[in-house]
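Enquirer: Now for the letters of each chain:
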Amino acid sequence: MYPPSFRYYRASSVAEAIALLQREPEARLLAGGHSLLPAMKLRLAAPPALIDIGRIPELRGIRRRDDGWAIGAMTTHREIEFSDLPLLAEVAAHVADPPVRNRGTIGGSLAHADPGADYPAAVLALGATIKAVGPGGERSIPADDFFQGLFTTSLQQGEVLTEVHLPALGHGWGWAYEKFPHPASGYAVVGVAAVVQAEGGAARQVRVGITGAAQSAFRARQVEERLTGRPMDEGAVRSAIEGAFEPDQLLSDPFASADYRAALCQALCRRALLRAWQRATT
Amino acid sequence: MVQATGRRYIGAAIKRKEDPRFITGRGTYVDDLAPPGTVYAAMVRSPYPHARIRSIDTRRAREMPGVLAVFTGADLEGVNPNPVGWLVPELRAVPYPVMARDRVRYVGEIVAVAIAEDRYLAEDAAQAVEVDYEPLPAVGDATKAVQAGAPAVHDQVPDNVAFRLPFGDQAAVDAAFTTAQRVVRLELVNQRLVPSAIEPRAALASYDPATDQLTLWLTSQNPHLIRLLLSAFVLGLPEHKVRVISPDVGGGFGSKIPLYSEECIVAWAARRLGRPVKWTAKRSESFLSDRHGRDHHTVAEMALDGEGRVTALRVRTVANLGAYLSTLGPAIPTWAYIPLLSGQYVIPHIYAEVVGAYTNTPPTDAYRGAGRPEACYLIERLMDVAARELGLDPAEFRRRNFVPPDRFPYQTSVAVVYDSGNYPGALDKALALADYQGMRRQQEEARREGRYVGIGISCYIEACGFAPSKLVGQLGAQAGLWESALVRAHPTGRVTVLTGAHSHGQGHETTFAQIVAEELGISLDDVEIVHGDSGAIPMGMGTYGSRSLAVGGSAIVRALERVKDKARRIAAHLLEAAPEDVELREGRFYVRGVPDRGVDWAAVALQAYLAHNLPEGMEPGLEASAFYDPENFTFPFGTHISMVEVDPETGLVKVLRYVAVDDAGNIINPLVFEGQVHGGIAQGVGQALLEWGRFDEDGTPLAASFMEYALPRASHLPSFKTDVQVTPCPHNPLGAKGIGEAGTIAATPCIVNAVVDALSPLGIRHLDTPLTPPRVWEAIRQARARQA
Amino acid sequence: MAEKVPITVTVNGVQHRHEVEPRLLLVHYLRDVLRLTGTHVGCDTSQCGACTVLLDGQAVKSCTVLAVQADGCQVTTIEGLGSDGQLHPLQEAFWEKHGLQCGFCTPGMILAAYDLLSRRPDPSEEEVRHALEGNYCRCTGYHNIVQAVLYAAEKMRGSR
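Protein chains in written order, with our numbering: chain A, 1 to 282; chain B, 1 to 788; chain C, 1 to 160.
Derived from the structure by calculation, the hints contain no laboratory data.
These numbers come from a predicted model, not from an experiment.
Among the hints, erroneous ones may be present.
[Claimed, not checked] In silico EDC-like pairs for lysine to aspartate or glutamate, Cα to Cα no more than 16 Å straight-line:
#1 B/Lys17 / C/Glu96
#2 B/Lys15 / C/Glu79
#3 C/Lys155 / C/Glu96
[Unchecked claim] Here are a few chain C residues that face chain A, going by a calculated C-beta distance under 10 Å:
#4 Ala2
#5 Val5
#6 Leu24
#7 Ala112
Quick reminder that beta carbons are idealized off the backbone N, C-alpha and C, glycines included.
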């Protein structure tokens with residue numbers, strides 16, 4: 001309940017945050033604090049310093065771009081929930097609970113890479129790009145390359161996650177997020193995000209991101225491949241997900257076995273795909 | 001002067017008097033208090049379920065900034081173990097030290113305390129205490145603990161059996177089974193629960209050397225009892241120099257009955273340091289240090305004759321006591337369910353056997369319902385399974401076995417005598433309220449669509465109104481279970497009532513005041529209820545077991561009768577009439593039959609203190625106390641009906657509808673009554689679907705925070721549809737029985753019966769709680785594999 | 001101990017300046033420093049919502065916000081919800097509908113409901129239940145809390 005002591009810095013710009021990180025290499029960045037502070041309160045984390053990036057103006061807000069959207073890393077779940085963002089608005093509504101959504105941020109959540117977090121499934125399904133700035137400059141990381149394992153991302157020491165880019169999804173695109181929350185923690189036991197593009201009665205593109213099921217979020221590539229180029233009726237979806245999730249690849253914990261997670265992957269994948277397809281075709 | 005009022009208060013849905021302070025944030029809970037100079041305690045707890053303590057090094061912690069002291073068990077010279085308040089025959093009791101010295105027996109057992117100037121510094125220091133442990137083999141499951149070769153939790157109890165308690169005529173029961181037409185057998189687990197009042201426990205102690213007075217503010221349901229245990233048993237202090245105050249308390253549910261180690265430690269430390277010492281549980285600490293509830297493993301068998309009537313019941317339970325005996329540990333979480341095993345039914349022969357087992361887990365004690373949920377779950381599950389095997393509708397099968405309304409008082413075969421009841425009445429009312437036939441039609445339709453919809457019924461009974469002191473004394477209680485009240489009329493006619501009951505959400509400040517206001521014919525605002533302070537209230541046994549109204553309320557009525565009697569004699573004197581001709585109506589004493597001759601209640605109260613014109617020989621003053629010792633338990637009952645749907649792909653159970661008809665005798669405040677039912681249902685649904693105080697085989701907790709332990713949220717529950725039936729209690733002056741636990745007792749089997757009903761087409765006969773989605777899914781998978 | 005940081009926080013309309021340790025949680029700043037004890041602590045994992053306050057008008061769990069993060073912000077606690085000695089309609093509604101028993105979760109519950117009604121003045125029962133997912137009550141079974149929020153919503157719409 002009582003975090004350990006730390007030095008506190010408040011950065012007013014990304015450049016200042018990067019400079020502070022160089023001065024305090026062991027420091028952790030403080031965004032909304034809704035992953036980090038709980039860990040510190042349980043004394044599972046004890047960083048010597050926190051660099052508060054929660055007030056950097058350039059990190060906030062959702063901007064429309066020619067090719068889609070740019071979401072500042074410090075945009076809260078609540079701002080996303082009440083936005084027009086495809087898929088992501090729906091996903092944000094599933095994150096924790098309303099008071100948490102008022103504080104927690106997309107950047108903080110992605111950088112923390114909790115295996116049960118919701119956004120990872122969505123950014124994978126959307127083919128989003130994650131922008132990071134470090135002492136060496138800026139780089140764009142495709143979502144597919146971002147999640148590296150349990151609480152691990154491809155962000156490097158000294159880098160700040162600044163923005164998430166989403167592609168524009170116009171006519172013919174559909175999406176859905178299906179989540180089975182842990183009844184206590186609210187994290188996803190399994191969460192499935194599906195994005196499909198319908199063209200001429202068939203699925204031109206299919207992307208499925210899955211969170212909660214494994215050490216880090218992943219794409220259901222086999223399912224995607226089986227469905228691409230085909231009409232996505234119930235039968236097609238059912239046969240596409242058949243055998244697509246091997247329990248031995250999935251997490252097992254005292255609440256849910258890997259077998260159960262595999263079953264959830266199947267069920268939620270079907271539901272998400274059918275709902276996404278319906279949206280794409282109506 | 002108070003004004004007389006003709007208002008009827010008893011039975012009125014009155015907004016609570018205590019609410020204004022709570023809705024404006026002005027309640028006073030223990031952690032809200034911080035007398036000048038307060039310092040903060042943080043506990044160092046064992047991370048091992050069983051270990052020898054090789055050494056404890058507190059040097060680094062003691063030298064940290066702001067740290068006043070670090071104490072270990074070795075420092076607590078002269079502090080005695082926490083006593084046991086309920087004994088059973090041949091109990092192999094073990095001492096429960098308030099701080100471990102050389103061995104720890106559960107994760108969370110206290111090994112040291114750090115005391116510092118603020119909460120954060122105390123936590124830092126506690127973390128810096130270095131304890132060298134030698135882990136020992138451990139056992140967390142009670143059924144495994146009593147098997148040969150299990151690690152011994154206590155060397156002096158090598159088989160971990162604290163006691164074995166047989167009850168009933170075993171030969172007669174065995175004979176009934178021999179001649180039975182059908183036997184239904186069920187093995188069931190009543191999982192461990194963590195009570196989880198939203199206010200974590202807290203303790204603040206302050207010592208005044210000038211008066212040698214120790215004052216404790218505790219989150220306790222029974223401050224007087226704690227004062228006695230703490231002063232006379234643990235600390236050896238003069239009881240009259242110890243004052244225990246339970247201010248506003250944020251829920252208890254039984255977990256705030258026992259005396260806890262932390263309370264003893266802050267009391268001792270405040271005297272030692274000469275500073276007020278406060279400890280407030282972190283929630284993750286609550287999971288390790290609050291008393292847990294339930295944790296029964298039971299094999300139950302029911303014998304039936306050829307007409308679908310129950311002839312006998314045979315039950316064997318292994319109950320998990322945890323590592324030590326809590327205050328009521330040997331009784332409430334173990335055998336206390338036996339007297340309710342007859343349910344609402346005529347069961348001629350019952351035999352039960354309970355083994356109380358030590359394990360390397362936190363101790364168990366009372367949790368909402370405390371014994372009655374275990375009994376109700378067992379009997380209502382058996383009734384459902386039996387009905388299914390007989391091909392009878394579960395409502396019809398229950399009706400066939402009910403104790404008929406004309407047989408009360410009804411002597412059960414498990415010692416207790418049911419005071420009053422009308423079981424078919426409550427069942428019929430619930431069936432109508434739920435539109436049971438309509439529900440069954442909906443279920444048929446859903447099944448045709450391939451959906452899994454189920455309906456559950458539970459007809460519960462509970463024993464409340466704890467308790468006739470002589471009887472519980474015979475059963476091993478080390479205390480009487482009467483309640484006290486002192487009614488004090490002030491010279492203005494306003495009234496203060498001191499009650500030994502304690503409200504931690506129950507609304508006594510309103511319901512008790514309603515009784516007084518109605519009896520005296522004065523306004524509710526002119527009555528103040530004082531509770532929770534051993535320094536103000538003569539004596540009290542506290543609040544638990546739905547006892548406050550039936551016992552505490554009855555004590556108030558008795559004290560009121562004495563006050564009214566004296567007031568009537570004063571009034572008669574003033575009116576120059578015979579006392580027996582004077583009656584009190586709507587705040588005024590009248591001479592019977594002479595409506596224009598009267599004197600107000602307030603004038604009489606004033607005269608009692610003026611004492612200028614009192615009857616010859618009468619003492620001044622107008623107050624009286626009473627100790628009400630009930631002559632029997634009360635037996636509330638009712639029928640709950642639920643409808644659920646199971647998602648076969650995920651195992652998720654959704655509660656679609658929940659209907660409750662409760663009969664707890666006369667009702668003082670319907671709002672408060674309903675609120676108790678609602679909250680109880682939620683906790684019962686919690687046990688059925690969500691909550692699980694789970695440990696691995698060696699006693700390591702797997703649910704140690706709200707991240708793992710699921711409390712019901714608003715979104716887990718539907719709105720409830722409730723109604724009442726009123727069958728008054730015949731043996732107390734209010735005719736009230738108690739409603740605090742009914743919902744919790746009824747709801748668990750109600751939901752489980754519905755889920756099993758939903759899954760019955762798959763051949764599923766029973767599932768153990770909690771019915772978490774993975775467990776339900778697994779059961780469906782296995783059932784389908786069997787069917788294939 | 002880390003160096004203290006000066007903060008200025010406006011709580012219930014009153015500006016406060018303090019030097020605080022960076023690790024001090026907002027809830028302890030409110031309770032232990034300002035002695036506003038209506039905001040409660042019920043857990044240590046950001047689940048129970050007993051500590052819910054309004055931070056710049058939005059409900060947040062003050063056990064998961066550092067006091068330094070509230071620097072320059074407006075905080076409303078339960079003590080500041082009513083105005084001119086009048087109860088807020090939500091407070092009235094919780095009283096009227098018996099939406100509380102022990103009262104410990106109540107301040108947080110009311111402020112979470114406030115957040116909902118500021119976004120959705122006319123919520124359905126289901127929306128109320130979902131909006132209160134971050135606030136545990138162990139006493140009421142939520143039934144009367146939901147009724148209270150719906151009742152308050154109606155009153156507040158009527159007074160617009």
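Enquirer: Under the criterion of a CB-CB separation shorter than 10 Å, is C/Leu24 in contact with chain A as hinted?
Expert: holds (9 Å)
Enquirer: Regarding the pair B/Lys15 and C/Glu79, is the alpha-carbon distance no greater than 16 Å?
Expert: violated (21 Å)
Enquirer: Mind checking the CB of C/Ala112 against every CB in chain A and telling me if the closest is under 10 Å?
Expert: Nearest chain A Cβ about 6 Å off; hint holds.
Enquirer: If you draw a straight line from the CA of C/Lys155 to the CA of C/Glu96, is it 16 Å or shorter?
Expert: Holds - the C-alpha atoms of C/Glu96 and C/Lys155 are around 12 Å apart, at most 16 Å.
Enquirer: Holds or violated: is there a CB of chain A closer than 10 Å to the CB of C/Ala2?
Expert: Interface hint status for C/Ala2: holds (5 Å vs cutoff 10 Å).
Enquirer: Quick one, is the C/Val5 hint okay against chain A at 10 Å, beta carbons?
Expert: Holds, because the Cβ-Cβ distance from C/Val5 to chain A comes to roughly 6 Å (cut-off 10 Å).
Enquirer: Hint check: B/Lys17 vs C/Glu96, CA-CA at most 16 Å. Holds or violated?
Expert: Given pair B/Lys17, C/Glu96 holds - Cα atoms ~11 Å apart, limit 16 Å.
Violation of the numbered hints given earlier is confined to hint 2; every other hint is satisfied by the structure.
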